[in-house]
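K.L.:
Read off the chains here:
2 protein chains.
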Amino acid sequence: MTQSSLIADLIEALRCLPGVGPKSAQRMAYHLLERDRDGARRMAAALTAAADKVGHCTSCRTLTELEICPVCASPSRDRSLLCVVEMPTDVAAIEQSNVYKGLYFVLMGHLSPLDGIGPADIGLDLLSIRLGQGEIKEVILATNSTVEGEATAHYIAELARSHGVAVSRIARGVPMGGELEYIDGGTLSHAMAGRQTL
Amino acid sequence: MTQSSLIADLIEALRCLPGVGPKSAQRMAYHLLERDRDGARRMAAALTAAADKVGHCTSCRTLTELEICPVCASPSRDRSLLCVVEMPTDVAAIEQSNVYKGLYFVLMGHLSPLDGIGPADIGLDLLSIRLGQGEIKEVILATNSTVEGEATAHYIAELARSHGVAVSRIARGVPMGGELEYIDGGTLSHAMAGRQTL
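For the protein sequence lines, the chains are E and G, in the order given. The opening position of the first sequence corresponds to residue -1 in the working numbering, with each subsequent residue numbered one higher. The opening position of the second sequence corresponds to residue -1 in the working numbering, with each subsequent residue numbered one higher.
Hints in this document: simulated from the structure, not taken from any laboratory. By construction, the Cβ of each residue, glycine as well, lies at the ideal position given by its N, Cα and C atoms. Some hints could be false.
[Said to hold, decoys possible] Dumping the calculated SDA-like pairs for lysine to any residue here, alpha-carbon to alpha-carbon at most 25 Å: (1) G:K21 / E:K135; (2) G:K99 / G:I127; (3) G:K21 / E:D88; (4) E:K21 / G:V97; (5) E:K99 / E:I66; (6) G:K21 / E:C14; (7) E:K21 / E:S3; (8) E:K135 / E:C70; (9) E:K51 / E:L64; (10) E:K51 / G:A47; (11) G:K21 / E:L64.
[Said to hold, decoys possible] A few chain G residues facing chain E, derived, Cβ under 7 Å: (12) V52; (13) G53; (14) D88.
[As the list claims (entries may be wrong)] A few chain G residues that don't get close to chain E, going by computed Cβ distances all over 12 Å: (15) I9; (16) S110; (17) G121; (18) N142.
Work the whole structure out from these sequences, hints included.
P.N.:
In structure tokens, the structure reads:
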């Protein structure tokens, strides 16, 4: 025991950050204590405020400290389009690309029957109610291209069809800058099947 | 502005961690909010406690919340040996290697006249007093192998000699597992000059 206990506690606490192991945590702790105590205090305040006050948007389920998140509340968004994603980070990624002006619905996960995660756990009861209200004309499925993401997309597609709402799935294919040589077979077969006439 | 402000604040605050850019900070913030709010609260408490209470050991200048750090206070350490290092992380690295049982002196930096960092700024006045007390028989210089580290080591060597205390410098050479092919010329020339008879 050569580190004082408060520093050891801080190193241990920093390890709950994703991708931070013992060495990085030690480096972060010493960096904050040696050079940036104000940053440490600011971070503590931000963590406490966010952990205590951030909840879910009652409309789209994304993380927000507001009753209705800024996207759902914005009068300039197209309320006939609903993009379904798995996580709030997916919303952030799509927003940063600046190509979508509709609303979102955040599942906060995906269907995973083996883990006991069913339709109600990912908010599909809420989604069903919204689809029934008739405002939404198209559901864009933007769940991940994983087995669970595809299964979830399939399930939601059925749900939307049962409400008579149009459904689409974001295109799968070769990413921009991608070299064919390094792209897996599954992606290539989707890229072939989804080819578009020029 | 599509993220709520508390989440944006948290992402911004996390960026003061070393090596954390906007993408990692976002990932960390969402991870904490989605999966580990207790971890976030624990981290906030640890940050506040450490930022408010951690100061410097009055004996060796390392970071600690105690008046005298655990190493300096330990009765089992060899009080005739003093290892001089630049930062508290260096103490942690040497302690983890478990090969040294003496005391430390932490400069909290190195001499850098161009940045206005002189001997008093790295505690050499305090070191001089300790060397004058006669308890220390050998000073081991373990500052970094950089230009500033070498200059600082040279300065402290003169200081120790003026007090009649023996001085040594940790060996420079090929690191364990290092392949000669990939080792720089400076290190090789040190390794050659410091060769030992078998």
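K.L.:
Mind listing which of the numbered hints don't hold for this structure, in increasing order?
P.N.:
1, 13, 14, 15
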